[in-house]
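Enquirer: Spelled out, the chains give:
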Amino acid sequence: MLEIRDLHVSYGKVEAVRGVSASAAPGRITLVLGANGAGKSTTLRTVAGLVPAVSGEVVLDGKVITGRPGHTIVRDGLVLVPEGRRVFAPLTVEENLLLGGYVAPRAKSAETLDRVYEMFPILAQRRRGAAGLLSGGEQQMLAFGRALMSSPRVMLMDEPSMGLAPAMVESVFGAVREIADAGIALLVVEQNAELGLEIADDVVVVARGEVVFSGEAEQARSDASVVRAFLGEAALSQ
Amino acid sequence: MSYWYDAHLILIQSTFVSLLLALSIQFPLRMGVFSFAGIGSYGIGAYAAAIMTIRYSWPAFAAIGAGMVVAMVAGYLLALLVSRLDGLYLGMATIAFTLILTVVAINGGSLTGGAQGLYGAISTLQTGQVILVCAVVVVLLALSERGRMGRRIDAVREDPELAVSVGIRVIRMRRMAFVVSGALGACAGGMNALLRTTVSPDDVGFSLVVLALTMIIVGGSRSWAGALIGSVIFTWLPQVLQAVGDWQTVVYGVIVALTAVYVPSGLLGVAQNGYRRMRRRSGPVAGATEKATGSEEPGGDSAPLEPLSEDVPTGGTR
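Chains as they are written, first to last, in numbering that gives the first Met the number 0: chain A, 0 to 237; chain B, 0 to 317.
No lab work stands behind these hints: they were computed from the structure. Don't take every hint at face value.
[Claimed, not checked] Part of the chain B face toward chain A, derived, beta carbon under 8 angstroms:
1. R150
2. D153
3. A154
4. D158
5. E160
6. L161
7. V163
8. S164
9. V165
10. G166
11. I167
[As the list claims (entries may be wrong)] Here are the in silico distance ranges between beta carbons for each label pair:
12. R220(A) with M277(B): 57 to 63 angstroms
13. Y261(B) with M0(A): 55 to 61 angstroms
14. V249(B) with K107(A): 55 to 61 angstroms
15. G18(A) with Y274(B): 56 to 62 angstroms
16. R171(B) with K107(A): 21 to 27 angstroms
[Stated by the list, open to error] Which chain B residues stay away from chain A? Per the calculated CB distances, all over 12 angstroms, these:
17. Y4
18. T14
19. L28
20. R83
21. V103
22. Q115
23. I121
24. R195
25. D202
26. A224
27. Q247
28. T248
29. V253
30. V260
31. V262
32. R280
Positions of the beta carbon are idealized from the N, C-alpha and C atoms, including for glycine.
Please construct the entire structure, taking both the sequences and the accompanying hints into account.
Expert: So this is what it looks like as structure tokens:
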């Protein structure tokens, strides 16, 4: 269970996040929607410990993790899948996955590796190939697999569908749902509101660093004007 | 053999000293840390070993070890100082560190012998011992290129932020790079000072920065083997090029430029590609040495995969 309470983040004098609150529960997908520059990515990066918070709290399973260095947070069971399908390009697929399990005990790593290969068979086929030579969709799967290798309870995903071919987007979202169904709490930032809403359980809409809507996905889906008001017509028909 | 060995003893010694020096620049580079502090450490090691030998008659390895300790501490402090710098700026700052040390050596009075340097650092250090030390260092560094440690170093170089996200203590790794670089550089400097029995500020200037970088660029920056290739070539090349007389520096420059432009992965990269191609042509080798954990995938081969779709990543995707 992840709870973000009244988070404020600044880059120098620019306030990027102004009082964002959100939560993620096991087995559920919380979708964070918002336009470019709304502060979504910054929120995720702050939760993951890559950017310091000015004020507010991040609580993971009852424990306050705000202000902890980034490399310790993954040990507490929270992992970030950063924007732009980042993989260690010259390393092989398997090396990438093993790096994902860096904080896990070695014996457990081997077991988790098998599970990840089962979930993403394409990664098993490409295990000895360089990660940089995978297609965009495959790289996103690898990024998911790498995150799963740390056996997280909470996973943050920053724009998993960005820059992917439409057919690929669907299978990426399928994988996102599958990960949540395995009992992991997901906080997913997306620009693709239409597809995102199809798999989400809860929705938070952010504009200019503030939360402007927060509720169940059902509610947001049935009341498209909620989304339209903050994302514009284009976001719905995309 | 023995005649050849005796006739070329100085070049043989220089090759191994250069190897350690090149490794002192290469080790941080493997983590993406563009630091020339290893050259400054070479100076620290050379002066420390000479001073301890001349003034206190310390045994060779103690004198070299003293320099290594000083250089490791200096490296750690430097790492704290430049922790926010990266890339070219870090390179500049660490070159400045080296040049400042040269100035200190020139103005160090009787301790460093001023512009003349120090003479008469006579020790029992033998070439065989130098080679042995190099062998140990190479084995340790080769191990650091494999398995968990190898992956960790690669991750820090390729994407430091992503490395933090998977739980690697990147800041500590970078500090370690400075410390190890200091130890390697000082070891090279100390050995050289004791083998030559002298050290002067001229030995530790900007030209040494260029030499070490050249060895790594031409040899290959990713593995100790690249540093070895580079140190052999650039220690022996001047000897070979004596035939062309004044044109020596021109030929030297052309070689470096051509390598940088046409084989950015260095001669080691060329050798590895050639080896892979040869292996592929001779068909899959049964029981090929695989370093990763799992069993061989049926039909899986180690040939590089072709990009499958149009949204192929471009190097460092952001």
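Enquirer: Which earlier hints can't be squared with this structure?
Expert: none
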